[in-house]
Amino acid sequence: MTHHLIARSSALALLIAAAGCTTKAAAPEPAAPAAVAATPAETSMPSAEAIAAESARLNAWFDAKFMESVARSPMSQTYLGIKDDYDKWDDVSDANALKELEIQRADIAEMEAGFDPALLDHQAKLSWRIAELNLKRAEADYPFRHYRYVFDQMNGAQAEIPAFLINQHQITTKSDAEAYIARLNGVPAYLAQNLENSRIGLAMGIQPPAFVYPYVLSDAKGVITGAPFDDSGVDSPLMADFRGKVAALAADNTISQDEADALIAEAAEALKVSVGPAYDSMIAELTEQAKTATTDDGAWKFPDGAAYYANNLRDITTTDMTAEEIHQLGLAEMDRIHGEMREIMAKVGFEGSLKEFFDFTRTDPRFFKPNTDEGRAEYLAEATAWIDKMRGDLPTVFRTFPKADMIVKAVEPFREKSAGKAFYSSPAPDGSRPGTYYVNLYRMQDMPTYQMQALAFHEGIPGHHMQIAIAQELTGIPEFRKYADFTAFIEGWGLYSELLPKEMGYYQDPYDDFGRLAMEIWRAARLVVDTGIHDKHWTREQAIQYLMDNTPNPEGDCRKAIERYIVMPGQATAYKIGMNRIVELREKAKAELGDAFDIRDFHDVVLKDGAVPLAVLEESVDAWIGETKAGD
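Note that numbering that gives the first Met the number 0 numbers the sequence shown so that position 207 is 206, with each residue one more than the last.
Think of the hints as simulated: they come from the structure by calculation, not from any bench.
Keep in mind the model is a prediction, meaning the values are calculated, not measured.
Where a beta carbon is used, it is the ideal one built from N, C-alpha and C, also for glycine.
There's no promise every hint is true.
Stated by the list, open to error - DSS-like, lysine-lysine: derived pairs with alpha carbons at most 27 Å apart: (1) K589 x K628; (2) K628 x K587; (3) K402 x K416; (4) K124 x K135; (5) K271 x K416; (6) K220 x K244; (7) K300 x K87; (8) K354 x K535; (9) K173 x K87; (10) K589 x K501.
What the hints assert, rightly or not - Pair by pair, the computed Cβ-Cβ distance ranges are: (11) V272 x D115: 54 to 60 Å; (12) P213 x D603: 44 to 50 Å; (13) A247 x A49: 50 to 56 Å; (14) V272 x P412: 22 to 28 Å; (15) T171 x Q327: 49 to 55 Å; (16) V272 x R365: 29 to 35 Å; (17) P142 x K416: 50 to 56 Å; (18) A247 x E583: 48 to 54 Å; (19) Q541 x K290: 23 to 29 Å; (20) A246 x P142: 44 to 50 Å.
Working from the sequences, and respecting the hints, build out all of it.
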């Protein structure tokens, strides 16, 4: 799962604020836009020079529009390492949402009027196609703009604020520290906009289920626990973050100790005067909202809920698969993977049913690190070691490698109770911040060691870090393409990256291979439970029980997962559908190319365009197959 790093603020960029892996509802990917496929009316073909000139002109236009959109989003600027508007938050008002859509409409109209699609090279045509698709997604998303929960345990504003300041707002100068303080003082206005959006949703009948509120309130209270909010003698998360960053400035003599002390005092005052009261108001209002929450969990409960969910599925999978088709695919995949698990059960000599084997792997102490600081440190060290080993083996299966570094880090205490078990956060494009594989070690019983390898490979290398960092570092394409948010591609690659290491000789211990299958069946089960919850009216408990009966994951894992799928309708279906398509395309290429097939070339083809709809990926692979055959 990824925490993408830019917020969708306009026309051409799919921008996401550090809110995790949410993909908004949007329109299906067009099969083959006429504008892209158009050929010149003239009988003569355009010259290479004309194509290069028009493509370069369009790319420059795309980049200018991208930077205009970034300029309207202070938070996107921060994610990109740009320190303009470093003291501000985004405008998340309803009025601004309409303004952004109107800008996007105008931009695409300008593109279609000002450029000739017949004079574009392959990458420029693809950029045109994706830009038009982004508008279609935004148009379809707009009526559902209040369907996404403003406050939930996965992407809520209550946790977004501290996570953004702690992980994204770097302090390397005194002015950076002053901007941080200004952002603290801006929290009341930013939270007020989010609260207003939650009220609009509430009036429409869009309200999180009852179970969500205790998580959100716990998160919010955690932000304002500690100094300067109380006399505990322990800094609150934001105070500790600011104090540490400013202390580092003083330590390297960037500022004097007196300046550091003054800044820390200003930050403490901003926390007390601005952040504390704003969070208190939010807590009070959400406590009242919680009184009307129900235990209905699925999107079916919303007005036009079926349309909203179908739209989400089309956007997230970039296919036309219906909820029923996805549900049936999930059931078929569950049967297949259960069969492979029984083979491993026989290999390790376990006597009993598959369900009994699951219970064994959930509970036997050999599969878990101690729930202590030492146990957590061991887990982090071993996960890092697997990633380091994989780094050394990458040249056997890849030709292209990211320049950006990647680190492994535990989820911070202020959000570990509610955060997912693992996720990836992208590097800053300028190299000032590495990519980060976050692992949630709050409860070690939820982190079996037999899943350690597959989880690290998915979130880190060769998974999300390879795909996302390489996309950000691509040359010859406009900036907005580097941050495209096609979940089926992104998460499909992550899940494919769990399978690839097996073919490289990893998972030698049968239990580790079982862990890989456990991760795969987890994604197959998502097809069943996500559609079950949002299309078939399954209850939360019914969905949790399905995971308990059919996967080896611990109960806490199952419960947290279902709670995630409930607040992010459709998102979890992307993984298996995307992985299946990548594997199908690879096997097709192997069959057609025979000895000419090179896995390194295949991976280059998959990653060379950044994230794309699955239909576009298929076109790229087919073109490569044809070119390779022609080259023979």
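Evaluation of the provided hints:
1. Note on K589 and K628: the hinted pairing holds, with a Cα-Cα distance of about 12 Å set against a maximum of 27 Å.
2. Distance check on the hinted pair: K628 and K587 sit about 13 Å apart at the alpha-carbon level, within 27 Å; holds.
3. This hinted pair does not check out: K402 and K416 have alpha carbons roughly 33 Å apart, beyond 27 Å.
4. Distance restraint check for K124 and K135: the Cα-Cα separation of roughly 17 Å lies within the 27 Å cut-off, and the hinted pair is therefore satisfied.
5. A C-alpha spacing of about 24 Å is found between K271 and K416, which places the hinted pair at or below 27 Å, so the restraint holds.
6. About 23 Å separates the Cα atoms of K220 and K244, which keeps this hinted pair within 27 Å; it holds.
7. Under the criterion of a C-alpha separation no larger than 27 Å, the hint pairing K300 with K87 is inconsistent with the structure, at around 36 Å.
8. For a cut-off of 27 Å, the pair hint linking K354 to K535 stands: about 25 Å separates their Cα positions.
9. For the hint linking K173 to K87, the alpha-carbon distance of about 16 Å falls within 27 Å, and the restraint holds.
10. The hinted pair formed by K589 and K501 meets the criterion: a straight-line CA distance of about 18 Å does not exceed 27 Å.
11. At roughly 57 Å, the beta-carbon separation of V272 and D115 lies within the given 54 to 60 Å, and the hint holds.
12. Separated by about 47 Å at the C-beta atoms, P213 and D603 satisfy the suggested range of 44 to 50 Å.
13. About 54 Å separates the C-beta atoms of A247 and A49, a value consistent with the hinted range of 50 to 56 Å.
14. About 25 Å separates the C-beta atoms of V272 and P412, a value consistent with the hinted range of 22 to 28 Å.
15. Look at T171 against Q327: about 53 Å separates their beta carbons, and that is inside 49 to 55 Å.
16. One distance hint, 29 to 35 Å for the beta-carbon pair V272 and R365, is violated here, with the actual separation near 52 Å.
17. In this structure the hint that P142 and K416 lie 50 to 56 Å apart at CB is violated, the actual value being about 34 Å.
18. A hinted range of 48 to 54 Å for the beta carbons of A247 and E583 is consistent with their spacing of about 49 Å.
19. A hinted range of 23 to 29 Å for the beta carbons of Q541 and K290 is consistent with their spacing of about 25 Å.
20. Separated by about 49 Å at the C-beta atoms, A246 and P142 satisfy the suggested range of 44 to 50 Å.
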